[in-house]
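Those protein sequences? They're chains D and U, same order as listed. For the first sequence, our numbering assigns the number 15 to the initial residue and increments by one for each residue that follows. For the second sequence, our numbering assigns the number 5 to the initial residue and increments by one for each residue that follows.
No lab work stands behind these hints, which were simulated from the structure alone. Incorrect hints may have been included.
As the list claims (entries may be wrong) - Think about it this way: if two alpha-carbon atoms lie no more than 27 Å apart in a straight line, the pair counts; the simulated DSS-like pairs of lysine-lysine are:
1. U:K140 <-> U:K168
2. U:K168 <-> D:K256
3. U:K140 <-> D:K126
4. U:K63 <-> D:K160
5. D:K256 <-> U:K301
6. U:K348 <-> D:K256
Unchecked claim - Covered stretches of chain U, going by a simulated chain D footprint (3 or more residues, C-beta under 8 Å):
7. 10 to 22
8. 153 to 165
9. 341 to 352
To be verified - Under 7 Å between C-beta atoms, here's a sample of chain U residues computed to sit facing chain D:
10. D73
11. S111
12. A216
Just so you know, even glycine gets a beta-carbon here, dropped at the ideal spot from N, CA and C.
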Amino acid sequence: MIIVRKEHRVLIQGITGKQGTFWTELMQDYGTNIVGGVNPKKAGTTHCGVPVYASAVEAMKESEFDISVLFIPPLGVKDAALDAIEAGAKNLCILTEHVPVQDVMYFMAAAKEAGTTITGPNTAGSVTIGECFLGFMPAFNERIFKVGRVGVISRSGSLGTLLCQNIVSAGYGQSAFIGIGGDPIIGTTIRDALEALDADEGTDAVVMVGEIGGEMEERAADFATGMDKPVIAFIAGGAAPKGKKMGHAGAIVLGDRGTYQSKIKALEAAGASVMATPSHVGDVLKERLGP
Amino acid sequence: MNFEEHAAKPLLKAAGIAVPEGRYVRTAVDAAAAQQAVGPCVVKAQVPTGKRGKAGGIKTADTPEDAQDVTEKILGMEIAGHIVEGVLVEGRSDIAREFYAAIMNDSASKGPLVIFSTEGGMDIEDVAAETPDKIKRAAVDIRDGFDAGAAAAMLAGLDLGEAKSAIAEALDRLYNAYIANDAELLEINPLALTPDGSLVALDCKYVMDDSAIKRHQDLAENGTPDQLTKLEARGEEAVIKYIELDGDIGILANGAGLTMTTMDVVRHHGGKPANFCEIGGEAYTKAHTALEMVLDKPGVKSLVVNFCGAFARCEVMMDGLLNAWDDLTPDIPVFFSIAGTGDKEAIAMLKDRLGLEPYPDMDAASKAAVDAAK
Numbered sequence: 015m016i017i018v019r020k021e022h023r024v025l026i027q028g029i030t031g032k033q034g035t036f037w038t039e040l041m042q043d044y045g046t047n048i049v050g051g052v053n054p055k056k057a058g059t060t061h062c063g064v065p066v067y068a069s070a071v072e073a074m075k076e077s078e079f080d081i082s083v084l085f086i087p088p089l090g091v092k093d094a095a096l097d098a099i100e101a102g103a104k105n106l107c108i109l110t111e112h113v114p115v116q117d118v119m120y121f122m123a124a125a126k127e128a129g130t131t132i133t134g135p136n137t138a139g140s141v142t143i144g145e146c147f148l149g150f151m152p153a154f155n156e157r158i159f160k161v162g163r164v165g166v167i168s169r170s171g172s173l174g175t176l177l178c179q180n181i182v183s184a185g186y187g188q189s190a191f192i193g194i195g196g197d198p199i200i201g202t203t204i205r206d207a208l209e210a211l212d213a214d215e216g217t218d219a220v221v222m223v224g225e226i227g228g229e230m231e232e233r234a235a236d237f238a239t240g241m242d243k244p245v246i247a248f249i250a251g252g253a254a255p256k257g258k259k260m261g262h263a264g265a266i267v268l269g270d271r272g273t274y275q276s277k278i279k280a281l282e283a284a285g286a287s288v289m290a291t292p293s294h295v296g297d298v299l300k301e302r303l304g305p
Numbered sequence: 005m006n007f008e009e010h011a012a013k014p015l016l017k018a019a020g021i022a023v024p025e026g027r028y029v030r031t032a033v034d035a036a037a038a039q040q041a042v043g044p045c046v047v048k049a050q051v052p053t054g055k056r057g058k059a060g061g062i063k064t065a066d067t068p069e070d071a072q073d074v075t076e077k078i079l080g081m082e083i084a085g086h087i088v089e090g091v092l093v094e095g096r097s098d099i100a101r102e103f104y105a106a107i108m109n110d111s112a113s114k115g116p117l118v119i120f121s122t123e124g125g126m127d128i129e130d131v132a133a134e135t136p137d138k139i140k141r142a143a144v145d146i147r148d149g150f151d152a153g154a155a156a157a158m159l160a161g162l163d164l165g166e167a168k169s170a171i172a173e174a175l176d177r178l179y180n181a182y183i184a185n186d187a188e189l190l191e192i193n194p195l196a197l198t199p200d201g202s203l204v205a206l207d208c209k210y211v212m213d214d215s216a217i218k219r220h221q222d223l224a225e226n227g228t229p230d231q232l233t234k235l236e237a238r239g240e241e242a243v244i245k246y247i248e249l250d251g252d253i254g255i256l257a258n259g260a261g262l263t264m265t266t267m268d269v270v271r272h273h274g275g276k277p278a279n280f281c282e283i284g285g286e287a288y289t290k291a292h293t294a295l296e297m298v299l300d301k302p303g304v305k306s307l308v309v310n311f312c313g314a315f316a317r318c319e320v321m322m323d324g325l326l327n328a329w330d331d332l333t334p335d336i337p338v339f340f341s342i343a344g345t346g347d348k349e350a351i352a353m354l355k356d357r358l359g360l361e362p363y364p365d366m367d368a369a370s371k372a373a374v375d376a377a378k
């Protein structure tokens, strides 16, 4: 379930924290079906109008859920994720940045075995426009998100938000925004998100926002080759110096791997329109979709 | 975080992998004394980068005088931008064969990857390009771990003679060291086989996962922090990601992706970014320090401020920035692009307090900044 729907039942691990509370209320206002939260110290209480449980396993017994969103500090993410996987969650949305990579590899392996998909870590979340959202996205801002037929995939929350605003300014709207996260090892990849949007009947075109580093954009390009829907891409980091981590742990170029040029080349060969700057998205959409 | 060879090898030793007897010293006189202790030796420049031999940073010495001489030459050398401040004086080993062994985080399999090659002492990327059949790989389920049995299975098909079981054992130990030390990469190149059939690690590269430093505070003291400029060090202290670049257009933005893109757009319009400065995430209330750092870079002629609020709110960042503006009273032109959460409030503040309007998008703001810097 890469595209979140309003019928999906959502658990919030870390619901009672400051950020957990703030964003849970916004998610509820927008239409996200939040059925419970987790904080072992506050089990048995009610927070944001939903029951708080000692664990995700306990939550599943009384308030069956599909997706869990983790507002959990870095060193607590492994245990929280394993709890949610054991509970039988279908998808985890992990917002936390700076989770130790060996912890990530551990719960990724457990998730794969259990059939749980993971979005993130280090994602800003996802929005299904007009239905619901997960994480900390400004879904409720009508100049950024408007119901429409363009799917958006982004490693970065801030840059993804900017692209969405440019799409709305150009007179289009979005079907879904899928934030996949800026870490080097993440669950849902650009390719996975591309497959989900390709299969989505509400999506006519995909805007993907990649970054230098890794080979995820190249793998996505392999899939884009066989797509009928137009793919429009922007790759951040063309001007970044080699060998430096540019804020996102995943954004680092080593030698010729993961360079701006290798990604652009693969995407153009796959028939994608590659934009020089994010301000061009409206013009390229008009060209590929018509007004 | 990178570790120099002398700081990485003790991890191998602790895991049961033999390393030559060695001493880390910072003066030529100490190098002579170290040579007396270890005998015929190799003097190796300690810098967190490869290709030290090609750069002239690795020399042999048979006497204390030799050791002193070569150390004097090596200390102070610049290798790939690093000044050599210390050398490892290490006993020489007899070498029958050289192998390559490493464990690394693999983003494709989303787990640890064990790599072994019969071609040691070479760049593994070159071996992969030229003789890929000489490299064996095994993706590991980190929950199950990796042992000598799994290593033996992985090594099947390689001609290793009687060394095979010792190599399998060494890979098992290397994996344990990788796990115990939250490595992103733990590499032995070369792993030497001596004429008497034992294995010894002649070099070691260890990179600790930055996100795991909190779990290894003591060990991290031995690591080599990234070389930072004064401004970058200030950024690190203030927990703001700041990278100094060689251009003249200052950049202040929120979020890694947006900040990188602002650099790209400045470059696209023919300008040169003076810095990468990100105030998103946890740093979004630190606009004051961030502005100070961007302005303190000598030669900055104009500034682009690019905010797109998602998690970070535009009006919080703008408030911090305008307070800083009042304190610092910069005399360079500034060009704003503002979007996302809290944008209306931020734009109203900008008009009210600086009498400025934002540009319609980041292209327009960046282009104006590039023109102003000409």
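Discussion item. Against the 27 Å threshold, does the CA-CA distance of K348 of chain U and K256 of chain D hold or violate the hint?
Written reply: violated, 37 Å
Item to complete: So, A216 of chain U near chain D? Judge it on the closest CB pair being under 7 Å.
Response: holds, 4 Å
Worksheet item: Mind checking, does the stretch 341 to 352 of chain U have 3 or more residues with a CB under 8 Å from chain D?
Response: As far as the stretch 341 to 352 of chain U goes, the hint holds, because 4 residues have Cβ atoms under 8 Å from chain D.
Worksheet item: Is the hinted pair K140 of chain U and K168 of chain U satisfied, with a Cα-Cα distance of at most 27 Å?
Response: Measuring from Cα to Cα gives roughly 13 Å; hence the hint holds.
Practice prompt. With chain D as the partner, please determine if D73 of chain U meets the hint condition of a C-beta pair closer than 7 Å.
Written response: violated, 33 Å
Worksheet item: Is the Cα-Cα distance between K140 of chain U and K126 of chain D 27 Å or less?
Response: Holds - the C-alpha atoms of K126 of chain D and K140 of chain U are around 24 Å apart, at most 27 Å.
Practice prompt. Quickly compare the C-alpha distance for K256 of chain D and K301 of chain U to 27 Å and report which way the hint goes.
Written response: holds, 21 Å
Worksheet entry | Proposed proximity, K160 of chain D with K63 of chain U (alpha carbon, max 27 Å) | violated, 66 Å
Worksheet item: At a Cβ distance under 8 Å, does chain D reach at least three residues of the stretch 153 to 165 of chain U?
Response: Coverage by chain D is violated here, the residue count being 0 at a Cβ distance below 8 Å.
Worksheet item: K168 of chain U and K256 of chain D: Cα distance at most 27 Å?
Response: violated, 39 Å
Worksheet item: Three or more residues of the stretch 10 to 22 of chain U near chain D by CB distance under 8 Å?
Response: As far as the stretch 10 to 22 of chain U goes, the hint is violated, because 0 residues have Cβ atoms under 8 Å from chain D.
Worksheet item: Per the CB criterion, is S111 of chain U less than 7 Å away from chain D?
Response: holds, 5 Å
Consistency note: the structure conflicts with the earlier hints numbered 2, 4, 6, 7, 8 and 10.
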